[in-house]
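Peer 1: So the chains spell out like this:
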Amino acid sequence: MSKVRVLAGTRKGAFILTADGKRDKWEISGPHFAGWEMYHLKGSPADPNRIYASQSSGWFGQQIQRSSDGGATWEPVGNKFAYEGVPGTHQWYDGTPHPWEFKRVWHMEPSLNDPDIVYAGVEDAALFRTTDGGQSWQELPGLRRHSTGNRWQPGAGGLCLHTILLDPSNPSRMFIAISAAGAFRTDDGGETWKPINRGLRSHYIPDPNAEIGHCVHRIAMHRSRPDVLFMQKHWNVLRTDNAGDSWHEISGNLPGEEIVHPDKEGKTQKFEVKGFGFVIDVNTNEPETIYVVPIKSDSQHFPPEGKLRVYRSRTGGNEWEPLSKGLPQKDCYVNVLRDAMAVDSLDKCGVYFGTTGGQIYASADAGDTWSALVHDLPPVLSVEVQTLP
Amino acid sequence: MIRVVLPAHLRTLARVQGEVTLEIAGAATVRSVVDALEARYPMLCGTLRDQVTGQRRPFVRFFACQEDLSHDSVDAPLPDEVASGKEPFLVVGAIAGG
Chain H
1 MSKVRVLAGT RKGAFILTAD GKRDKWEISG PHFAGWEMYH LKGSPADPNR
51 IYASQSSGWF GQQIQRSSDG GATWEPVGNK FAYEGVPGTH QWYDGTPHPW
101 EFKRVWHMEP SLNDPDIVYA GVEDAALFRT TDGGQSWQEL PGLRRHSTGN
151 RWQPGAGGLC LHTILLDPSN PSRMFIAISA AGAFRTDDGG ETWKPINRGL
201 RSHYIPDPNA EIGHCVHRIA MHRSRPDVLF MQKHWNVLRT DNAGDSWHEI
251 SGNLPGEEIV HPDKEGKTQK FEVKGFGFVI DVNTNEPETI YVVPIKSDSQ
301 HFPPEGKLRV YRSRTGGNEW EPLSKGLPQK DCYVNVLRDA MAVDSLDKCG
351 VYFGTTGGQI YASADAGDTW SALVHDLPPV LSVEVQTLP
Chain B
1 MIRVVLPAHL RTLARVQGEV TLEIAGAATV RSVVDALEAR YPMLCGTLRD
51 QVTGQRRPFV RFFACQEDLS HDSVDAPLPD EVASGKEPFL VVGAIAGG
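So the protein sequences, as listed, match chains H and B. Position 280 of the first sequence, counting from 1, maps to 280 under my numbering, and the rest follow consecutively. Position 53 of the second sequence, counting from 1, maps to 53 under my numbering, and the rest follow consecutively.
It should be emphasised that the hints constitute simulated quantities derived from the structure, not laboratory data. Honestly, I wouldn't trust all of these hints.
Straight-line distance between alpha carbons at most 20 Å, and here's what the computed SDA-like set of lysine to any residue pairs gives [to be verified]: (1) H:LYS80 to B:MET43; (2) H:LYS103 to B:ALA27; (3) H:LYS103 to B:GLY93; (4) H:LYS348 to H:GLN329; (5) H:LYS103 to B:GLY54; (6) H:LYS103 to B:GLN55; (7) H:LYS103 to B:CYS45; (8) H:LYS274 to H:HIS301; (9) H:LYS103 to B:PRO58; (10) H:LYS12 to B:PRO7; (11) H:LYS103 to H:GLY157.
Selected chain H positions facing chain B (in silico; Cβ < 10 Å) [as the list claims (entries may be wrong)]: (12) VAL77; (13) LYS80; (14) PHE81.
Listing some non-contacts, in silico: residues in chain H with all C-beta distances to chain B over 10 Å [unchecked claim]: (15) ASP24; (16) GLN62; (17) SER68; (18) ASP69; (19) ASN79; (20) GLY142; (21) GLY157; (22) GLU249; (23) ASP298.
Cβ atoms here follow ideal geometry from the backbone N, Cα and C, with glycine treated the same way.
Please take these sequences and the hints and turn them into a complete structure.
Peer 2: Below you can see the structure in the form of structure tokens.
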């Protein structure tokens, strides 16, 4: 029978949760790396026992840990992330130039077919790659050196490269996203990049249709259709059917609110926005079924009405249904961070997400019902799941 | 022989318990001690000083003989008591919550 292994990164260590294919009885191991911030752990699709973990600390900096036995034992590997050449500056929050400084690895994306190749998305935003199982890391500098790079500004969480999507049908193509620069695509294996932000319309920046400057929170792909991407942006949810060349909003009936921003001429304008949130993912068995967790506004960051609800669209967006069975429906004020949702590849699709309140919720029936696998972990930063034979 | 006391997180990372002892060829300085420490425990590279700039990390301090050596030149000789192994070289993580 198949097994699933959930890899959870938290503010104070990593936890590994395992169950058989029924997904009703869970064993929890951890904390691994107790006391360290574990921004992300992810297993290699080519060798599920190979797992990479980003371990960091405000005191002692960045470590990368590697396991070759499914997380039972770990070894520290290379942790030197040096920008190519003189990195220059990006923009600070106030628009002044700010030097590029490495802070941490937000996201690790192992290659689809080689367990020794991994991409790492870092803050300040850049993309690194290892080809020797993490022993050494080299920047793919074409991204940071994009002509817009000196105008990138951080989001509230920093200038982080948080999303890396590898195209299963085209090894030369990948997608990344940076808060708050936007989404980018390479078609030549990372040498050159183009912004793919047409259609994003961000009312909170001076030019809502700017080439860059959009606060993309997360992008998700179904591996059978790599040209179709779903985006959770700062205020809304979008979709592209042409690999990011253009996007259109699919927020539909998601919870919304009215925001007030000055327009280009400085006049106060009211905008209705729908679907603020951080996570988004796609059902493994149904490419048009997507999941988000709406969060109330960018200044509150908790679920609307204190009710934790996953919203599911079975139509690729626009029509959404709230899923609440088994989730707290009163006095719930947690957040679900951008890397904290994952899906397994069983039938029915399992959906997992972690909260800043330390719960990991799971559904073994594609979102119809939910239960907490664990209640009281440190704040959850990331959730990944591996489906094992 | 130089005795080095590491903070708990770095002892865990380096998989050591208690003090670390190092043999230093030449003068005992902050630089030579950290060089020797990183050579013996490569996983500590980057934890005390930035791997690119070589600067001490902001939340890390160096003490010995009840003196704060953090702002001394990294090439200044360490106190004789440290060089002789009578007193340990202390790596201290800032007391900060979170």
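Peer 1: Check the structure against each numbered hint from earlier and tell me which ones fail, lowest number first.
Peer 2: 2, 4, 16, 19
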